[in-house]
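A.B. asks: Please take these sequences and the hints and turn them into a complete structure.
Protein chains: 2
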Amino acid sequence: MKVYNFAAGPSALSDEVLEAAKQQMFDFAGTGVSIMEISHRSKAYDAVHNECIALIRELMAVPDNYEILLLQGGASLQFEAVPLNLLVKGKADYVVTGNFSKKAYMEAIKYGDIVCQATSEDKNFTYIPDVSEIRFRQDIDYIHITSNNTIFGTAYKKDSIPRTDAVLVADMSSSILAQQADVSDYGLIYAGAQKNVAPAGLTVVIVRKDLIGHEMPLCPTMMKYSTQAKNNSLYNTPPCFCIFMATLNLRWIKKCGGVAAMEEMNTLKSDMLYDFIDNSAFYKNSVVKKDRSLVNVPFTTPSQELDAKFVKEAESAGLIALKGHRLVGGMRASMYNGMPVEGTKALIAFMQKFELENK
Amino acid sequence: MKVYNFAAGPSALSDEVLEAAKQQMFDFAGTGVSIMEISHRSKAYDAVHNECIALIRELMAVPDNYEILLLQGGASLQFEAVPLNLLVKGKADYVVTGNFSKKAYMEAIKYGDIVCQATSEDKNFTYIPDVSEIRFRQDIDYIHITSNNTIFGTAYKKDSIPRTDAVLVADMSSSILAQQADVSDYGLIYAGAQKNVAPAGLTVVIVRKDLIGHEMPLCPTMMKYSTQAKNNSLYNTPPCFCIFMATLNLRWIKKCGGVAAMEEMNTLKSDMLYDFIDNSAFYKNSVVKKDRSLVNVPFTTPSQELDAKFVKEAESAGLIALKGHRLVGGMRASMYNGMPVEGTKALIAFMQKFELENK
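For the record, the sequence lines run as chains A and B.
Reminder that position 269 of the first sequence reads as 269 in our numbering, one-by-one numbering, no gaps.
Each number in our numbering corresponds to the 1-based position in the second sequence with 1000 added.
Keep in mind that the hints are not guaranteed to be accurate.
Heads up, simulated DMTMM-like pairs for lysine to aspartate or glutamate below, C-alpha to C-alpha not over 25 angstroms straight-line [as the list claims (entries may be wrong)]:
1. Lys1022/B with Asp113/A
2. Lys158/A with Asp271/A
3. Lys345/A with Asp1027/B
4. Lys1043/B with Asp46/A
5. Lys1224/B with Asp113/A
6. Lys1022/B with Asp271/A
7. Lys22/A with Glu1215/B
8. Lys1022/B with Asp15/A
9. Lys102/A with Glu1215/B
10. Lys1102/B with Glu215/A
11. Lys1043/B with Asp271/A
12. Lys1309/B with Asp46/A
13. Lys1103/B with Glu215/A
14. Lys103/A with Asp1027/B
Which bits of chain A does chain B cover? Going by a derived footprint, with three or more residues having C-beta under 8 angstroms, they are [as the list claims (entries may be wrong)]:
15. 240-246
16. 330-340
Everything labelled a hint here was simulated from the structure, so no lab data went into it.
We treat Cβ as the ideally placed atom computed from N, Cα and C, and that holds for glycine.
C.D. replies: Shown next, in the form of structure tokens:
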């Protein structure tokens, strides 16, 4: 049975990427050994490491005045690394649009004068606050947003991100490489890799060079962007296999037509699913339409009992990891780059069948 | 051509472990998807995660009053995590026996009254200081040692570690699972996984429970042992694939007879090589005999020119990654658990041939 994996992260990788990894398990790039066994100071590894960085630069059109860092610790470590590295005046403004967004804010308040300027928690994060109405403070080091909220299925759109003179920082863990972003809109972008970049264990940071090197004295050496930038992210042993997988995945994205093609495919999939839900009296998505995520689609049936039945029967039909997050309930279909259009079609076909049998 | 990989880390994995990973690339534990694609909150992943911890506990005979944490960031992040978590009185003593040992000390001095009580830097780290002669301070939070010095090929032996009332902390990155250690001798053990445990990207911390929860206020949340212990190392997405590989490797170690069997095999390999070097007028190892490492064997030929020739010709013969670290020069054969006895034999045969051709 073909299995389609709707996990929110770690999430589906393209079969082609997994196949390439499988084929090289005992012989990476003609070395006669696995990528997992070779030194991170070897020429063979160095080529992969630099290709990974170059492909991120190419696919995201990262300008030359930005460093691309390959780190560990996930977005959660960046929740603290960001204020530790960027707070110079000691002030930053946050917009809180979900669980991780709130965590980022709660970590930052330990390090300076941090203000949450807007939150959508009043309606269980089912919308993105209108940032054009927010009076962000003057003389702040940065504004922090979370571009896509995995749990709640909301996202900023190109025209809804804050437009101010302040440095904009975004957690793009669930939108990086899935939709286009103009890097020059941001001072810093960070992302855990496990949704669209690579298996869990890699964190990508894209940071404007002039923002590097002003760390607070208490910032641990390993968390300093300057340490990592100076050493091309090879200050200590990097997560080599994850970076290798990222490189395979980036090659695949490039071959498919780049991030624009990914966005087009992701739009097609989520539009299909949103349209189906909106035209159904049985299924419901509670997110404000203009703020809907391109990759995470939460939905419910008329009852919690049916939700549970849905998840169970879907799994038996090979549609796995559809259970919604406990903070939202119901179901959630995460459809990142690795999810083929056929997977979304299979989900919709199952939803039709389930509705007929249970309404 | 059979390739034997003498890399110091990341380093050789058993073919059996790589084969198991390859076989499950598209279907992990009957899920129909790769371990790289499934949620870290799923039952299937949870089983691997807990098996990994249970196998470390079993194979290292870790007592119940110790937590086993699966983290990211490498030993380098622990250089700061250790003082941030353990300094309560604010004082610790370090013994410096190599490059990483010194880095650990240099990071720690930022956080308290830290004294380097002994160093072997006077003789380029070719010996382990006699710790029985050191007067460690009273009222310190811990003593820090590096159990095996990868670059210099030295190691503490069971009877040469400090025996005091103080909490003993050891960086065991290159000796963990390669030789037996009595965990109860230590308050905390940490290790980057990329030599004997798993591919790079995982850090193992084994810490006595009473030492958890006294973090300095400035310790980042992600670096707090209490955060990770409370969440069974699932506070955020862990490096799932590395943990899966660790589990496969731990199963293999168990099947081979456990850490005792690994130590026996590693002793056999390094004894063979040391004996050969000691009986040769051509090759030389500069380490004080009683302090020689079980897993890292540095050696030289009579000249730098011949060293370079040796490394090049060895590589052509399928004996790769033998170039010594720049701080030592010459060659270095790292022979961790993943190196079969045949690999050491092949190296010695090559060394004999090279000597005949070049003396």
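A.B. asks: Sort out whether Asp46/A lies within 25 angstroms of Lys1309/B, counting only the CA atoms.
C.D. replies: It holds: about 23 angstroms lies between the C-alpha atoms, which stays within 25 angstroms.
A.B. asks: When you check the alpha-carbon spacing of Lys1022/B and Asp113/A, does it fall within 25 angstroms?
C.D. replies: Violated - the C-alpha atoms of Asp113/A and Lys1022/B are around 50 angstroms apart, more than 25 angstroms.
A.B. asks: Would the pair Lys1022/B and Asp271/A pass a check requiring their Cα atoms to be no farther apart than 25 angstroms?
C.D. replies: The given pair, whose Cα atoms are some 36 angstroms apart, is violated under the 25 angstroms limit.
A.B. asks: Take a quick look at whether Lys1043/B and Asp46/A sit within 25 angstroms of each other, Cα to Cα.
C.D. replies: violated (36 angstroms)
A.B. asks: Lys1103/B and Glu215/A were given as a pair; does the straight-line alpha-carbon distance stay at or below 25 angstroms?
C.D. replies: holds (20 angstroms)
A.B. asks: Between the alpha carbons of Lys345/A and Asp1027/B, is the straight-line distance 25 angstroms or under?
C.D. replies: Since the Cα atoms of Lys345/A and Asp1027/B sit roughly 22 angstroms apart, the hinted pair holds (cutoff 25 angstroms).
A.B. asks: Mind checking the alpha carbons of Lys22/A and Glu1215/B for me, to see if they're no more than 25 angstroms apart?
C.D. replies: violated (42 angstroms)
A.B. asks: Compare the distance between the alpha carbons of Lys1102/B and Glu215/A with 25 angstroms, and conclude whether the hinted pair is satisfied.
C.D. replies: Holds, at about 23 angstroms.
A.B. asks: Take the stretch 240-246 of chain A, compare each residue's beta carbon with every beta carbon of chain B, and decide whether three or more fall closer than 8 angstroms.
C.D. replies: holds (count 4)
A.B. asks: Are Lys1224/B and Asp113/A close enough, with their CA atoms no more than 25 angstroms apart?
C.D. replies: Between Lys1224/B and Asp113/A the Cα gap is close to 23 angstroms, so the pair holds against 25 angstroms.
A.B. asks: Starting from Lys1043/B, check that the Cα of Asp271/A is at most 25 angstroms away, please.
C.D. replies: violated (31 angstroms)
A.B. asks: Regarding the pair Lys1022/B and Asp15/A, is the alpha-carbon distance no greater than 25 angstroms?
C.D. replies: holds (14 angstroms)
In summary, the structure is inconsistent with hints 1, 4, 6, 7, 11, 14, 16 from the numbered list given earlier, while agreeing with the others.
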